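There are 2 protein chains.
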Amino acid sequence: MTDFAAWSRAIQARAENVLAALLPDAAIAPEKLHAAMRYATLGGGKRVRPMLAYAASEAVGAEVLGTEAARIDYAAAAVELIHVYSLTHDDLPCMDDDDLRRGKPTCHVAYDEATALLVGDALQSLAFEVLAHPDAAAAADARVEMLRLLARASGSRGMAGGQAVDLAATGRSLDMAELEFMHIHKTGALIQAAVLLGALGKGALETATRKSLERYARCIGLAFQVMDDILDAQTDTATLGKTAGKDAAQGKATYLTLMNVKEARAYAHELLHDALEAIQPFGERSRRLAQIARFIVERSY
Amino acid sequence: MTDFAAWSRAIQARAENVLAALLPDAAIAPEKLHAAMRYATLGGGKRVRPMLAYAASEAVGAEVLGTEAARIDYAAAAVELIHVYSLTHDDLPCMDDDDLRRGKPTCHVAYDEATALLVGDALQSLAFEVLAHPDAAAAADARVEMLRLLARASGSRGMAGGQAVDLAATGRSLDMAELEFMHIHKTGALIQAAVLLGALGKGALETATRKSLERYARCIGLAFQVMDDILDAQTDTATLGKTAGKDAAQGKATYLTLMNVKEARAYAHELLHDALEAIQPFGERSRRLAQIARFIVERSY
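Protein chains in written order, with this note's numbering: chain A, 1 to 301; chain B, 1 to 301.
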């Protein structure tokens, strides 16, 4: 196993344990809702956003998996809870109407639509509750800034706004600027939040540091989406763990409606190059951020 | 117009202005989502939760509608945004499937289901963004406590949990303990949050003060629900501004399945008495809280 594979498995296991401890026990009333929240959240997922939070924390000098790790746990879990809520709502019949996610039936298939709606709603609340935990940052003012950043990244000028643009775009063609506006909101905002929250756990950021991290996040967010489009078109459902070929079937605008696969791969590598350049000032401490960027562009699922 | 009627209209107007300023403009992309968020939130509603926040603030000594009012605006708006998100999701076809709210077509009728889902999601995020605003409390640690309290009141051990209990209860009979467990979560948690956030805007609360406010909130939350059940059974749709007779039609457990109207009115007055007793220690400063409690039990819509 490569060094990165071992690290990412350790982070995945850590994120799983932290999430399992933060989610209400399925024996606590209302039991069905709590069981469904755990079903939607646990036992799967690449946990890219938690990885980014821990790696960004390391880039600004925190001892990840050391004494400061506990603080990052809350930020990493909060971002992942927002991500899982968005997947749960996105899979509902009135949105993408999907029945497979992370290799399992989606939440509304395993439970029912009303429960899946409430699961998403309650996971969003839990994300903010977790990030408001006294141990989530050294100082209260840093915590407030983190809460505000996550709320903005999740809302109508972030992720939820990106979903709305996606809805409006279905069935019509987008140009490159429109497509990237959508992605920067729909997935980019939360990826950027993961990076910044991880770094902010250590304390306030200097402007140059913040700008470097934002540029890195923007590039890997777009690269993630370019690769998603390629994988959606070229990979089977079993490997993806979610329904393949969905974008074309639903008439969604993707990078592959604007360029061919070879061009898309070249664009992803260009974005990877820019992401690596953005984090050069951090030197060796940004090793994990660099590895995640490479993983995003070279992954097969 | 009575003194309370004038005050409540002033608060309603203030809440409307604050919400209108905090919601993204409908000209900002994604335009449809922002227009729908404004449609769901503005131009209606009793604004009971904002009233409670301002009145609780006054009870602990803040100058409401004076210099400290701006701080309460954020708490009042945040609680109302959570309330409106919950109504928007509650009206969806997979939940209560209702087409009338505050005298207007519900959000998914006026727009579409996917948009109404995103409206609720984005309003929840906006509530936390608003409460994390630098002007929302004097000190950062008070703001973090307020954020945590609102998140917990909204989530699976609060409002969303109450919705899940309500879902599970539809079509079967509940005893008094089960019915009140549901209401304490579904509506009580957010009413209590409104009271506590209003008071916390002034600063940390002593245990006795907090306990008094919690008891007051618990009593008026239940009284609100008892009256809702009576009004749902006895009032026409035009007066209510939402579909009347819905509970019986959907086989929902209500107070009127456990007692007759006369008993239910007596119970509401008993709760009113307890609420007024709880706030006696605040003296004349709790005048508005007392008036709201009376309004809840004596209202006709």
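Any given hint could turn out to be false.
Same chains, same label: a pair holds when it works inside one copy or across any pair of copies.
[Said to hold, decoys possible] Calculated lysine-lysine pairs in the BS3-like style (CA-CA distance at most 27 angstroms, straight line):
id, residue 1, residue 2
1, LYS46, LYS32
2, LYS211, LYS262
3, LYS246, LYS32
4, LYS246, LYS46
5, LYS46, LYS262
Hints in this document: simulated from the structure, not taken from any laboratory.
All values derive from a computational prediction rather than experimental measurement.
Outcome of the hint check:
1. LYS46 x LYS32: Intra 26 angstroms, inter 33 angstroms, cutoff 27 angstroms: intra-copy only.
2. LYS211 x LYS262: neither (30 angstroms within a copy, 66 angstroms between copies)
3. LYS246 x LYS32: between (30 angstroms within a copy, 25 angstroms between copies)
4. LYS246 x LYS46: Answer is within; shortest intra-copy Cα gap is 20 angstroms, inter-copy 44 angstroms.
5. LYS46 x LYS262: within (25 angstroms within a copy, 58 angstroms between copies)
The structure fails hint 2 only (numbered hints given earlier).
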